[in-house]
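Using the sequences plus the hints, can you model the full thing?
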Amino acid sequence: GQNIDQPTEMTATEGAIVQINCTYQTSGFNGLFWYQQHAGEAPTFLSYNVLDGLEEKGRFSSFLSRSKGYSYLLLKELQMKDSASYLCAVSGRPSGGSYIPTFGRGTSLIVHP
Amino acid sequence: DSGVTQTPKHLITATGQRVTLRCSPRSGDLSVYWYQQSLDQGLQFLIQYYNGEERAKGNILERFSAQQFPDLHSELNLSSLELGDSALYFCASSSSGVMNTEAFFGQGTRLTVV
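If you read the protein sequences in the order shown, they are chains A and B. Just so it is clear: in the first sequence, position 101 is 101 by the numbering used here, and no numbers are missing. Plus 113 on top of the position in the second sequence (first one is 1) and you've got the numbering used here.
You may find that some hints are simply not true.
[As the list claims (entries may be wrong)] Simulated restraints on C-beta separations:
hint: 1; chain 1: A; residue 1: T23; chain 2: B; residue 2: E215; range: 20 to 28 angstroms
hint: 2; chain 1: B; residue 1: Q130; chain 2: A; residue 2: A16; range: 42 to 50 angstroms
hint: 3; chain 1: A; residue 1: E14; chain 2: B; residue 2: G197; range: 35 to 43 angstroms
hint: 4; chain 1: B; residue 1: G165; chain 2: A; residue 2: E41; range: 27 to 35 angstroms
hint: 5; chain 1: B; residue 1: N172; chain 2: A; residue 2: T8; range: 19 to 27 angstroms
It should be emphasised that the hints constitute simulated quantities derived from the structure, not laboratory data. Heads up, the beta-carbon is just placed ideally off N, CA and C, and yes, glycines get one too.
Structure (structure tokens):
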């Protein structure tokens, strides 16, 4: 099957930088996604990586190493509104059939003033 | 606003009953994904439809079924409901059939089984 691990909770200070790690196992890797989800709301897309390296988008960056089954999401200049759950998701073919998405349980980020 | 519409927003029903959740994807998107999110399980993929055909199946119970209609809206049917089916059900849509692009989530239907 597909397996994703990410820390349950992290805390950081407003204005700081935080890195949220994600490790995964899958077959037929077809990309890794990061989503942000505020409590009681829908997940919103942050990034998609399918090749190794760093993708930068404003204050958020995402890194992927396919050989290590590893990704991280880097959040810079943290703001209070960044307090949310960050979901790592992988698209793969665990049974050799169709591509299916698997989400991690999410990392709850708490930003303190 | 993601452009994905889910109805109803809230649903309370009794054990053993059957309910239907509805999803209208973003204009132009051919893929619809259904997810279940509960506190202890996280976001679980149930099933995907692409242009009216079932494309991928995840951890969907036999009591659950879905379909996508010619106008691309989708319905998720949940039957013989149990207390453990209480959860937030999300629909997401995307333009691609193989999950290699951004997916847009609806606001979800909160189902409570009593």
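Hint-by-hint comparison with the structure:
Between A/T23 and B/E215 the beta carbon distance is about 23 angstroms. The supplied range of 20 to 28 angstroms therefore holds. Separation of B/Q130 from A/A16 is about 49 angstroms and conforms to the stated range, judged on CB atoms against 42 to 50 angstroms. Distance hint for A/E14 and B/G197: a CB-CB separation of about 39 angstroms, consistent with the stated range 35 to 43 angstroms. Between B/G165 and A/E41 the CB atoms are about 29 angstroms apart, so this pair conforms to the stated range of 27 to 35 angstroms.
As the Cβ distance of B/N172 to A/T8 is approximately 21 angstroms, the hint placing it in 19 to 27 angstroms holds.
Violated hints are absent here; each numbered hint is respected by the structure.
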